[in-house]
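Protein chains in written order, with this note's numbering: chain A, 1 to 95; chain B, 1 to 485.
Just so you know, the hints here were simulated from the structure itself, not pulled from any lab data.
Because the structure is a prediction, the values reported are computed rather than measured.
Built from N, CA and C at the ideal position, the CB exists for glycine as well.
Be a bit skeptical, because a hint or two may be false.
Chain A stretches covered by chain B per the calculated footprint, using a threshold of three residues with CB under 8 Å from any CB of chain B [unchecked claim]:
1) 14 to 26
2) 42 to 54
3) 59 to 67
4) 82 to 91
Reference excerpt, derived from the structure (chain A facing chain B, CB under 10 Å, subset only) [stated by the list, open to error]:
5) R10
6) F76
7) V79
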Amino acid sequence: MSLTQDDVKRIASLARIEIDDAQAQATQARLNSIFDLIATMQAVDTSGIAPMAHAQEVYQRLRDDVVTESDRHAAFQAVAPAVENGLYLVPRVVE
Amino acid sequence: MSEPSLASLAAQLASKQISSRELARAYLDRIAALNPSINAFITVDPEKTLAEAAAADSLLAAGQAGPLTGVPIAHKDIFCTDGWLTTCGSKMLHNFVAPYDAHLIQRFKAAGMPSLGKTNMDEFAMGSSNETSYFGAVKNPWNTAYVPGGSSGGAAACVAARMAPAATGTDTGGSIRQPAALCGITGLKPTYGLVSRYGMIAFASSLDQAGPMAPSAEDCALLLNVMTGFDPKDSTSLERDKEDYTRDLDKPLTGLRVGLPKEFFAEGLNSEVAMAVETAVTELKKLGATTVEISLSNSQLAIPVYYVLAPAEASSNLSRFDGVRYGYRAPEYSDLNDMYAKTRAQGFGAEVKRRIMIGAYVLSHGYYDAYYLQAQKIRRLIANDFDAAFQACDVILGPTAPGTAFKLGEKSDDPVEMYLNDLYTIPANLAGLPGMSLPCGFDSRGLPIGLQLVGNYFSEAKMLNVAHQYQLATDWHSRQPEGLK
Chain A
1 MSLTQDDVKR IASLARIEID DAQAQATQAR LNSIFDLIAT MQAVDTSGIA
51 PMAHAQEVYQ RLRDDVVTES DRHAAFQAVA PAVENGLYLV PRVVE
Chain B
1 MSEPSLASLA AQLASKQISS RELARAYLDR IAALNPSINA FITVDPEKTL
51 AEAAAADSLL AAGQAGPLTG VPIAHKDIFC TDGWLTTCGS KMLHNFVAPY
101 DAHLIQRFKA AGMPSLGKTN MDEFAMGSSN ETSYFGAVKN PWNTAYVPGG
151 SSGGAAACVA ARMAPAATGT DTGGSIRQPA ALCGITGLKP TYGLVSRYGM
201 IAFASSLDQA GPMAPSAEDC ALLLNVMTGF DPKDSTSLER DKEDYTRDLD
251 KPLTGLRVGL PKEFFAEGLN SEVAMAVETA VTELKKLGAT TVEISLSNSQ
301 LAIPVYYVLA PAEASSNLSR FDGVRYGYRA PEYSDLNDMY AKTRAQGFGA
351 EVKRRIMIGA YVLSHGYYDA YYLQAQKIRR LIANDFDAAF QACDVILGPT
401 APGTAFKLGE KSDDPVEMYL NDLYTIPANL AGLPGMSLPC GFDSRGLPIG
451 LQLVGNYFSE AKMLNVAHQY QLATDWHSRQ PEGLK
């Protein structure tokens, strides 16, 4: 398998990372060498093997449905790039 | 500072030979002198450190001290620390002052251990040389032309240069053990789930685990006592009875069965590293251990599996960095999508972007089964190999890394070459097993060599016992780099 420059641009777009032609070309070569390495696992017969998502068999715990957090929105919004009246500001998306 | 063991520092504090403030001041002075050439710290804040040390002195004076109260420690810049710049080595978080403490930071604060600062690291913990940091590469204290390893490179370097008596690190594919090996210190990645990940900036959540880095195994045991414990804020935190990890340090090694995986001594291993590890095996035999050859036959697949699973998890975890709630936002953009794309293009470094893109690809429609699911199945095979091996042995031993430290810039242009550094460390992360690295010699250039132990689940006390007994019989762990300026 080999990624084309268009593949690289499509992946970058999926990942919301701006990329120009020169960067796409440089990235293409490196990603292809990484995918060559990854391809070595394709030859392994894994029929009947259960996928392992996690090291420990743990399940989501349930807790009582009560408020445990205090309101710290001012502290958390103090580190945001743009905030007004307790709201995060982003470019207009609905005209 | 000739005797930096944590137990001896704690004893000096308890007997009032030295105060926590004096101790912190001494380390801060050494950081001020050495950090310009080593670059192990991203943030140092003497005022905060000394205030924490003063609080520790009050606890000591009031007779309310714990075993390590007053002993200072350096924290990897991946841990959110209330009021401290917390960058994760990235431009994306170059201005992020955390509004809360990670669970691990809370534990060290509760133990009365002042923070000496935040250590440098590969960006978002993605790297094996500490060269991907937005804040510049860390230099290896044994030879500043060489890398310290990564991603916890600042942590390893600051301990090796005795700029801190101990440090915290995190390990997703070897990021505690490989830099510990390359800098000649001891580091331990615990069983997955023992140390809370709350407030630890996520890379690959099913693999990430925090652990201690210090000169000796005894130090690591004391630190592990502070770090471990259930935390309801981490859904993968394990509910277990509290252990004392120092309890078995002094046990003899008679009858210990050491497993030597033949795959870890095969082609690709530097001959000087092989020789040092074999000499260490001989030493353990003198101490009463026996050896058995074992096979981890799927271990050569660990790197390809890791470079599917870790980027997949990273692409999801790092989607939160979009320029809206914290950190960097691009100065100019046309609309919301353009703001995301420019913010992420400018805020992330090249290696982080590569891994996010690999992850986005292997999770995308039509490729999921071939990559992600296949990798998860082989992850099971790798874990099964360990299960079988631990029927025949108590602990697995091999090299930590295939070689010693390499020169700055030597591998930074070739990601695949860089990835091969973690050949021996990744399998333990995939299985969720504890692993540790300890110094076992030097190569002909005077660079440290690391020995790796991998134990069964929850066998940290046994591994620390083996490492401590080895360190009582050898002095590699107490060697320090000379001529540091």
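Checked hints:
no.: 1; hint: 14 to 26; result: holds (count 6)
no.: 2; hint: 42 to 54; result: holds (count 9)
no.: 3; hint: 59 to 67; result: holds (count 3)
no.: 4; hint: 82 to 91; result: holds (count 4)
no.: 5; hint: R10; result: holds (9 Å)
no.: 6; hint: F76; result: holds (6 Å)
no.: 7; hint: V79; result: holds (5 Å)
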